[in-house]
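Chains as they are written, first to last, in the working numbering: chain R, 1 to 232; chain L, 1 to 238.
Because the hints were derived from the structure by calculation, they are not lab data.
None of these values were measured; they are calculated from a predicted model.
You can take every hint at face value.
Here are the computed distance ranges between Cβ atoms for each label pair: (1) E38/L <-> G3/R: 55 to 61 angstroms; (2) D137/R <-> F79/L: 27 to 33 angstroms; (3) D137/R <-> R35/L: 31 to 37 angstroms; (4) A32/L <-> R232/R: 35 to 41 angstroms; (5) V95/R <-> L52/L: 35 to 41 angstroms; (6) L102/L <-> A21/R: 56 to 62 angstroms.
Chain R residues, not near chain L, derived (Cβ > 10 angstroms throughout): (7) P5; (8) V6; (9) T7; (10) L8; (11) L11; (12) L91; (13) N106; (14) W108; (15) M187; (16) K192; (17) L210; (18) R213; (19) L219; (20) A221.
A virtual CB, placed ideally from N, CA and C, is assigned to each residue, including glycine.
Residue-level listing of the chains:
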Amino acid sequence: MQGKPVTLKALDVVSLLLLAAATYLALVFAPTEAVMGQVQRVFYFHIGTAWTALLGFIAAGITGGLYLATRHQKWDIVEVAAVEISLVFFLITIVLGSIWARPIWNTWWTWDPRLTTAAVTELIYIAYFMLRQGLEDPGRRARFGAVYALVGAISAPITFFAIRLFRTIHPVVIGSGDPGAEGTFSMVPDMKLAFFFALITFTVIFVDLLWNRILMGRLAARVEQLKLSLIR
Amino acid sequence: MTARTSSPPKREPAAAGFLRAVGAVAWKDLAAEFRSRELFTAMLVFSLLVILIFNFALELDIKTRESVTAGVLWVTFAFAGTLGLNRSMSIEKDQGSMDGLLLAPVDRSAIYFGKVISNLTFMLIVEAIVLPVYSFLYNVNLLRPGLLLILLLGSIGYIVVGTLLAAMAVQSRTRDVMLPILLFPVVIPVLIAAVKASSGFLTGDDPASILPWLNLLVVYDVIFTSIAFMVFDYVVEE
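Okay, chain R solo, but in the shape it has when bound (with noise of 0.2 angstroms):
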């Protein structure tokens, strides 16, 4: 059985210093914003975890269409790992962004495109793994997987151009007016020193977690591997 590689034990200190380092540079050496005040600073944790997110989404849609034209393992494990973060960070994505919303947009919640594509999202992902839960044999478990998560990859763009589609031709008079008028703001470089640290940040982040949990989803395969064979 072999641990964690060494590398992989560097790149979780890594990443946790590096959280670290975000999170004073997003708390306290940012200048505050002149017109929301405090409540900005989680547009630079807001903004890192919608990359991972995003990140996770693209891994998924490639290692699907990978999974089905070579039928490697591995690029399965890789696809679950993907669709897992994914689904995780969309989610604290999210909930960022409604604690954002509340004070500046005075609602929890809008049915802009974006936030609308990434609550579709959300729901293709969890419909995901209910849909390999409940499959018993391997490899229609990740056949069926790889299906859906490139029939999601693909639709999830749609959807966002739908419901732009939507936003253009119907604005919306009701609620709380034009998202992107008020919430918008220009960066001052001592920000900019700390959005695109936190970018970098979240990205090494994704990678770290995206190998463990490709470490850990080796380790299940081979487990499903021994119960199978004592089973036969």
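Dock chain L against the given chain R, drawing on the hints supplied.
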């Protein structure tokens, strides 16, 4: 082995064989359904009940009716469609006829297209009955060509993805529950476009504003028919 004295039988072109297989699968479903009518009756009664419930759930007075009709119709069709898709695939699985189909020497995608055609036919027939009934109950004319076009394009998009996902859902443990959970998030662009375009046609909007929605429906239909066609093999293999 004796030497061949006669020429081997002529093989028909692959395309003709494919179309015949598609036709055979579709015809099998339609013929079976024509005899028993159980699937169709279930879908139809369900649709009428949903419309009845909507009457009490939403205040469909004359003013609100216009803005809400398209949505009510499409919700009804979405749920009835799920019923039809589930049943259509379960029958194959339960009676083992899916295995028989898979053993046949035809391209797997012929089975897919045959299934799509039969599922689409059921959905369209149900819609064809629900429209006049709704018109009758709520005194609004729904039999307009623009609306019928949307119904067709939207149903195609829904059934194309639905057939693929139903083939997966029916093989999982939580069979019946799985299909709506898988289907609805993915089919949202169809519902958005269909409701918006239907509404546009009903309220007599400027055609230029309806065109983007029609385009979206066509794009969705084309993209997902291609994908489902390519991927169906993986879903039914043993």
